Structure formats: C-alpha cells, structure tokens
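> Input sequences plus hints: build the corresponding full structure.
Same order as they appear, the protein sequences are chains X and V. Sequential numbering of the first sequence, starting at 3, is according to the numbering used here. Sequential numbering of the second sequence, starting at 13, is according to the numbering used here.
Hints in this document: simulated from the structure, not taken from any laboratory. Computed from a predicted model, the values in this text were never measured in an experiment. Incorrect hints may have been included.
To be verified - For lysine-lysine, the following DSS-like pairs were computed, each having C-alpha atoms within a straight-line distance of at most 25 angstroms:
| hint | chain 1 | residue 1 | chain 2 | residue 2 |
| --- | --- | --- | --- | --- |
| 1 | X | K467 | V | K174 |
| 2 | X | K24 | X | K222 |
| 3 | V | K174 | X | K369 |
| 4 | X | K410 | V | K174 |
| 5 | V | K178 | X | K467 |
| 6 | V | K103 | V | K146 |
| 7 | X | K407 | V | K103 |
| 8 | X | K410 | X | K124 |
| 9 | X | K369 | X | K193 |
| 10 | X | K410 | V | K175 |
| 11 | X | K229 | X | K193 |
| 12 | V | K103 | X | K369 |
Claimed, not checked - Derived list of chain V stretches under chain X, where covered just means 3 residues or more per stretch with a C-beta under 8 angstroms from a C-beta of chain X:
| hint | stretch |
| --- | --- |
| 13 | 58-69 |
| 14 | 76-87 |
| 15 | 128-138 |
| 16 | 170-179 |
To be verified - Simulated restraints, written as ranges between beta carbons of each label pair:
| hint | chain 1 | residue 1 | chain 2 | residue 2 | range |
| --- | --- | --- | --- | --- | --- |
| 17 | V | N39 | X | T163 | 36 to 46 angstroms |
| 18 | X | D519 | V | G100 | 43 to 53 angstroms |
| 19 | X | G113 | V | V66 | 22 to 32 angstroms |
From the three backbone atoms N, C-alpha and C, an ideal C-beta is built for every residue, glycine too.
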Amino acid sequence: MVVHPPAFGLQLKSFDADSIKKMPGIVDVFQIKTLKEGMTRGYFDTNAFTDLVAIVGQSTWQVMNAKKQLTVEWQPVEKSSHKVDRFGTEIEVEVPDGLESTEAHYEQMNGMLSKTATVARKDGQPESAFKTAAKTIERSYSCPFLAHNCMEPMNFFAHVTDDEVLLAGPVQAPSLVEATLASRLDLPLEKINIELTRMGGGFGRRAYGHYAIEAALISKQAKAPVKLVYSREDDMTFGIYRPSYMASYKAALDEENNLVAFQVKAGGVPETPLFANRFPAGAVANYQAEQWEINSNITIGAFRAPRSNFMAGAEQSFLDEVAEAAGKDPIDFRLELLEKVKSNPVGENNDYDPERLAGVLKLVREKSNWANSDPGVHRGVSAYFCHNSYAAHVLDMVMEDGQPKVTKVVCAIDCGIVINPDAAANMAEGAIIDGIGNAMYGELTFVDGKPQQQNFDSYRIIRHKEVPDSIEVHFVQNEIDPTGLGEPPFPPVFGALANAMYKATGRRHYRQPFITDKPPLVG
Amino acid sequence: MKFISRKTQIFNTFKGIFIIMANFSLNINGKNHEVDVDPSTPMLWVLRDHLQFVGTKYGCGIAQCGACTVHLGDNAVRSCQLPVSAVGEQKITTIEGLSENGDHPVQKAWLEIDVPQCGYCQAGQIMTASALLKNNPNPTDAEIESAMNGNICRCGTYTRIKKAVKLAAQGDS
Chain X
3 MVVHPPAFGL QLKSFDADSI KKMPGIVDVF QIKTLKEGMT RGYFDTNAFT DLVAIVGQST
63 WQVMNAKKQL TVEWQPVEKS SHKVDRFGTE IEVEVPDGLE STEAHYEQMN GMLSKTATVA
123 RKDGQPESAF KTAAKTIERS YSCPFLAHNC MEPMNFFAHV TDDEVLLAGP VQAPSLVEAT
183 LASRLDLPLE KINIELTRMG GGFGRRAYGH YAIEAALISK QAKAPVKLVY SREDDMTFGI
243 YRPSYMASYK AALDEENNLV AFQVKAGGVP ETPLFANRFP AGAVANYQAE QWEINSNITI
303 GAFRAPRSNF MAGAEQSFLD EVAEAAGKDP IDFRLELLEK VKSNPVGENN DYDPERLAGV
363 LKLVREKSNW ANSDPGVHRG VSAYFCHNSY AAHVLDMVME DGQPKVTKVV CAIDCGIVIN
423 PDAAANMAEG AIIDGIGNAM YGELTFVDGK PQQQNFDSYR IIRHKEVPDS IEVHFVQNEI
483 DPTGLGEPPF PPVFGALANA MYKATGRRHY RQPFITDKPP LVG
Chain V
13 MKFISRKTQI FNTFKGIFII MANFSLNING KNHEVDVDPS TPMLWVLRDH LQFVGTKYGC
73 GIAQCGACTV HLGDNAVRSC QLPVSAVGEQ KITTIEGLSE NGDHPVQKAW LEIDVPQCGY
133 CQAGQIMTAS ALLKNNPNPT DAEIESAMNG NICRCGTYTR IKKAVKLAAQ GDS
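Dropping the structure here:
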C-alpha cells in the first residue's frame with residue numbers, strides 16, 4: 003500500500019520506517035517518487051502526491067494494520083509549476099500553495115459572477131438587447147467536487163526485473179501508462195508489457211494510471227512481484243476529481259415572449275465547464291458566452307461526460323425557468339428555438355445538429371405521453387447534446403412522506419446505429435441512476451485541503467431504495483455511424499431531476515447536491 | 013502480495029503487545045480449509061489473500077457497500093467485518109460455492125436479465141439476493157429493496173437487479 007498526504011497542499015516531510023518494520027508480515031518500508039523532477043508530464047499524468055511512502059508486506063490485512071501505525075510527518079507545498087504535454091503542445095501548469103476549503107471556493111466563485119470574464123463567443127448586441135428587454139431572468143447554478151468512487155479501488159500488479167516490466171491491472175489508457183513508465187524507468191517501450199484486467203468501474207478515474215507507475219516502482223525497489231492496493235479511503239482522498247463549477251445565466255424576453263438575448267458565464271475550480279457553441283447558441287440573435295477559472299492544487303480530471311455533467315443541468319434548469327416566464331410548455335419552447343437554428347442559424351460554429359436534438363425531444367414527448375401525466379406525478383424534461391450523441395429524459399416524481407421520489411424515467415437517445423440494444427439500454431439505465439444519485443447526494447468537500455468524505459459512511463451513493471421503479475430507454479432508429487453512449491444519457495438527468503423537483507416541491511434547486519440544498523419556495 | 017503460509021504458531025512482539033498467529037479450521041463451500049493468521053483478520057482477507065477465493069470483493073472495509081458479502085450459515089454477512097476467530101464451525105459460502113455450475117436460480121436470473129455492467133459488486137449482490145430468497149422465497153418489492161439496500165452498485169444496475177431477484181423468486185416457487 004502507499005501512504006499519501008492527508009490533505010491537498012501538503013507533501014511528505016519525513017517518516018520513520020522503524021515505527022512499523024517489526025510489525026507482523028511487514029517486509030519493507032520506503033519512499034517512492036512517482037514522477038521525475040522536471041519531466042514533461044503527459045496529459046493524464048495528473049498527480050498531486052508524487053512523493054509517497056510504500057509499505058510492502060505479506061498480506062493486505064497486515065499492511066493495513068501497519069499503515070495505521072506509521073509515524074509520518076507532512077509539510078506544506080510551495081507554489082510550483084510543471085510542464086504538461088497537452089496532446090502535442092507543451093504548456094506550463096502553475097500549482098498554487100495553500101490549504102483550500104469548499105467554503106472559500108464558493109466565496110471565490112460567487113465573486114467571479116460580478117467580474118469581467120473572457121468572452122468565448124458573441125453574436126449580435128447582447129448589452130443593448132438586455133437593456134430594451136420586456137423581461138429579464140437571471141440565475142446561477144453550482145456543483146461540488148465529485149469523487150469517482152469506482153467500486154473497485156485503484157490497484158495494480160507489477161513485476162519489475164532488470165530485463166522486463168510486467169504489469170497487470172485495471173486501467174483505461176494503458177498506452178499512456180506505458181509511455182510515462184518508459185520515461186520514468188529509462189527503458190524502451192518494448193520492455194514494458196501491460197496486461198489488462200476487467201475494470202471495476204472507470205468513469206474517467208482510470209484514465210489516470212499513476213497507481214500502475216507506483217506499483218512498478220515498488221516492485222523495482224522491493225525486487226519482488228507486488229500487488230498495490232488502495233483502501234477505499236486512499237481511493238477517495240487521492241482522487242482526480244470532477245471539478246467544482248458555477249455558471250450564471252441571463253435571458254431576455256420581448257413583449258411577445260420571444261427569447262431575444264442569452265448570456266452564459268461559467269467557470270470553476272480549477273477549470274471552466276463552458277461550451278460556447280452549444281444550444282441555445284445559434285437560436286438567439288444576441289448571445290454571449292464567457293468563462294473564468296480559479297487555480298487550485300486539488301487534482302481534477304475526466305468524470306463521465308466532463309464539463310457537460312454540470313453544464314447540462316444548469317442550462318436545462320435555466321431554460322425551464324425561461325420557458326415558464328414565457329408562458330410556454332418546456333418542450334414546445336425548446337423545439338421553437340431548435341426550429342430557428344434549423345431554418346436560420348445565428349453564427350457558424352454551432353456544434354450540434356438541431357434536427358437530431360429536436361428528434362430526441364419529440365421521441366421522448368411521444369413515449370412519455372408528456373401531456374397526460376397521472377395525478378400526483380410531477381414531471382421534468384431535459385435534453386442535451388454531448389460526445390456526438392443526443393439524449394432527452396422525462397422524469398416522473400411523486401411526494402412520498404414529504405420527500406420527493408423518482409418513480410419513472412423515459413429516455414430517448416440518438417447515438418446513431420445501436421450495435422447491442424440490450425447492453426446499450428443497460429448503460430443508459432445506469433447513466434440515469436448515476437445522474438439521479440450524483441445530483442441528489444454526490445459531494446466531496448474540503449476543509450484545509452482535507453477531503454471531508456473518506457468512505458461510503460459519509461459519501462452518499464445512490465442505493466436500491468432511491469432508484470425509480472421503471473426506466474424506459476428508446477433509441478432513434480437511423481443509419482448514422484455510432485457515436486458516444488457512456489456519457490450522453492448522464493448529463494441531462496441533472497436538469498430533468500431539478501425540473502421535476504420544482505414541480506413536486508415548488509422549489510428551484512440551484513446548488514448540487516439537491517439533498518442539502520434548501521432553496522425558498524418559488525412564487 | 014505473496015503469502016507465505018506458516019505451519020507453526022509464531023509469536024511477534026510489537027510495542028509490548030503479543031500478536032498471536034493462530035491456526036483456524038474453516039468450512040468454506042463444503043470443504044475444510046486450514047489457515048494460520050492473526051485472529052483479528054477479517055474473513056474477506058482470509059478468503060482473498062490466503063485461500064484465493066477472489067470472487068469476494070473489497071469495496072469499503074466498513075460494511076457500507078456489500079461487495080464482500082458471503083453466507084455465514086444461511087445469512088448474508090459482510091466478510092470485511094467478520095474476524096476469522098468468530099467463524100468457529102459455522103459454514104461459509106462464497107460466490108464460488110453458491111452452485112457447482114453457476115446455475116443457482118439467482119445466477120440464472122442474472123444471466124437472463126443481463127444484469128452486470130462492470131461486474132465488481134455483482135458477487136455481493138448475488139450473495140445478498142440468494143440469502144434473501146433462502147429465508148423468504150417470495151419477497152415483496154419493499155422486502156427486496158430493504159434486503160438489497162446495503163449493496164452499492166456504482167454502475168447503477170439496480171433496476172435490473174430487482175427484476176432478476178423477482179425472476180429468481182418466480183423460478184423457485
């Protein structure tokens with residue numbers, strides 16, 4: 003096992019190997035350096051904790067016990083920078099010092115809302131359009147960091163000898179691990195052999211294979227085959243997390259309730275989630291998209307539908323409110339806008355096909371029997387384009403003992419030709435449940451750099467009782483080449499859930515997770 | 013991690029405490045197995061590290077996720093919280109011993125519904141479901157949800173798990 007700093011912003015100062023060396027089953031205790039000083043890192047070499055203590059022993063339980071007794075001292079990191087190869091372009095990444103907290107992150111993000119940000123796209127004259135509008139709606143949305151929490155904690159087998167390197171384990175991007183390891187060990191690529199095992203969940207976390215490098219370095223030093231195992235606590239606190247984001251939206255309606263101006267300003271810790279050219283870009287004559295970023299030493303990376311997993315919920319919740327302000331049905335309102343993109347698009351870089359986005363909305367309207375919900379059932383709708391596919395959900399909710407419960411979700415997806423319909427439906431069902439779970443409960447918070455949730459007693463994952471009884475998945479039948487499916491049904495769930503919760507509870511939710519968000523009643 | 017088995021009891025001193033490796037005779041999947049381990053060792057690690065029954069998975073170590081579920085007698089238990097010294101003569105069944113040919117009604121239902129995605133939690137889900145049906149052959153929806161609520165599935169296969177448990181119950185009756 004490895005021992006890493008208990009907080010982001012800390013690094014290894016010293017440790018006393020003798021404090022545990024005599025414990026039963028303990029073979030060796032030593033330090034490893036996962037990455038070389040000054041090396042140009044690969045894009046997926048993200049890692050806050052490159053100096054680790056490794057404990058080698060005969061059985062997992064013995065090593066777990068020894069780990070608890072290890073005497074180790076930590077010290078604050080200093081401000082630093084390193085080079086990263088961003089798919090062929092070398093960039094310099096600045097890493098700040100300090101112990102960060104969730105509360106401070108939200109203060110910083112709220113502060114950005116009133117500041118000038120970088121304009122990523124501008125159509126027409128948004129400033130004057132907002133000044134002359136009949137009605138203006140302005141809202142902001144936010145989400146916390148999320149840990150991937152793959153059921154199988156990070157782990158890898160390694161056997162490094164002078165002649166060859168044999169690795170085996172679960173990793174999403176073995177060729178990237180191979181390249182980094184070749185550089186780290188000063189060996190040619192052909193000396194490295196990585197065997198893949200099934201992954202007990204990936205969700206993006208296993209694109210970052212530092213744990214495979216760690217296993218190899220431990221094996222090399224211990225001169226033995228080893229299996230590196232992360233405890234659940236290691237897995238949750240040594241994460242490459244979904245960033246914390248915030249987005250503010252502004253919409254203007256004219257006297258006839260037409261959407262005449264739209265503004266989105268989005269940022270996060272430490273990256274922006276903005277997609278400047280997505281819907282409703284292209285549908286509004288006066289449009290502006292802006293972005294900002296707040297640097298951080300907390301490591302972040304890909305998480306099922308990166309950036310979209312926040313933007314879809316924010317955008318689709320906001321459009322629901324704009325439709326309501328315009329006095330229009332939320333599906334009709336979206337379809338009207340999509341019709342404009344189809345017939346007379348604004349701008350040239352819109353990155354979605356309005357017909358296909360409208361297609362999933364029409365299909366979900368039909369399959370859910372949108373206009374005729376049962377009494378006591380509250381419905382929310384949402385549609386989104388990402389990873390080259392289109393997904394729309396209608397989510398049904400009832401109030402049970404004063405608590406909102408999702409009873410049914412009807413979903414329509416256009417991902418081109420579906421090769422394996424049953425597995426595809428399974429994946430979409432899972433994405434919907436994952437979306438409900440993360441929107442309602444998912445949250446990783448920090449105090450002084452330390453993750454406050456370390457295991458499933460404090461990090462709430464959706465369970466059997468919280469899952470809808472029925473999920474229907476419908477695929478648009480066409481002959482278009484297949485596109486993404488792992489991600490696309492996930493992001494729109496956040497919006498459909500928020501919109502159904504508003505109908506069920508009379509409250510608009512702006513801050514995830516919704517379970518702890520207590521907004522006032524609307525109206 | 014390579015385990016070196018010990019035939020004799022050994023004593024080790026650490027901070028003044030004697031840690032005793034002891035010999036345990038365990039009935040697992042109908043066969044007798046001997047291990048020499050610290051009495052506090054959870055059955056999860058005895059199964060995985062010492063006896064190579066690796067179908068039982070580690071997920072949290074604190075009985076919150078159910079990935080390590082095995083049967084102790086007829087009941088589903090979290091093996092991460094079951095010290096080897098507490099087992100005594102009670103029979104343990106792991107996923108490897110649930111049926112000889114993978115044809116337990118619950119396993120058949122799992123195949124029929126095509127439940128798993130990544131698969132990591134599924135052995136635990138199947139062990140909880142099979143213990144439920146053994147003790148309650150025709151559970152209501154609420155009883156299924158209650159029994160299964162301690163088993164987390166991060167891929168979100170819950171609706172299919174529930175369908176498969178119901179199918180297995182029908183197959184049994």
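> Now tell me, hint by hint, if it's right for this structure.
Verification of the hints:
This hinted pair checks out: X:K467 and V:K174 have alpha carbons roughly 10 angstroms apart, not beyond 25 angstroms. The straight-line distance between the Cα atoms of X:K24 and X:K222 is roughly 22 angstroms, inside the 25 angstroms bound, and the hint therefore holds. Of the pairs offered as hints, the one joining V:K174 and X:K369 holds, with about 23 angstroms between alpha carbons and a cut-off of 25 angstroms not exceeded. Taken as a hint, the X:K410 and V:K174 pair is honoured in the structure, with Cα atoms around 15 angstroms apart against an allowance of 25 angstroms.
Between the alpha carbons of V:K178 and X:K467 the distance comes to roughly 15 angstroms, so the proposed pair stays at or under 25 angstroms and holds. The suggested pairing of V:K103 with V:K146 holds, with an alpha-carbon distance near 15 angstroms, which does not exceed 25 angstroms. Distance hint between X:K407 and V:K103 is unfulfilled; the C-alpha atoms sit about 40 angstroms from each other, more than 25 angstroms. Taking the CA atoms of X:K410 and X:K124, the gap is about 39 angstroms. The hint is violated against a cut of 25 angstroms.
This hinted pair does not check out: X:K369 and X:K193 have alpha carbons roughly 55 angstroms apart, beyond 25 angstroms. At roughly 15 angstroms between alpha-carbon atoms, X:K410 and V:K175 fall within 25 angstroms of each other, so this suggested pair holds. With a C-alpha separation of about 20 angstroms, the suggested pairing of X:K229 with X:K193 holds against the 25 angstroms cut-off. Distance hint between V:K103 and X:K369 is unfulfilled; the C-alpha atoms sit about 50 angstroms from each other, more than 25 angstroms.
Counting residues of the stretch 58-69 of chain V whose C-beta sits closer than 8 angstroms to any C-beta of chain X gives 4, which meets the bar of three, so the coverage hint holds. Taking a C-beta to C-beta cut-off of 8 angstroms, the stretch 76-87 of chain V contributes 3 residues in contact with chain X, enough for the three needed, and the coverage statement holds. With 5 residues having a beta carbon nearer than 8 angstroms to a beta carbon of chain X, the stretch 128-138 of chain V meets the requirement of three or more and the stated coverage holds. Look at the stretch 170-179 of chain V against chain X: 5 of its residues bring a Cβ nearer than 8 angstroms to a Cβ of that chain, three or more, so the hint holds.
One distance hint, 36 to 46 angstroms for the beta-carbon pair V:N39 and X:T163, holds here, with the actual separation near 40 angstroms. Here the CB-CB span from X:D519 to V:G100 is close to 49 angstroms, well matched to the stated 43 to 53 angstroms. A beta carbon spacing of about 51 angstroms between X:G113 and V:V66 contradicts the range 22 to 32 angstroms that was offered as a hint.
The earlier numbered hints that this structure contradicts are 7, 8, 9, 12, 19.
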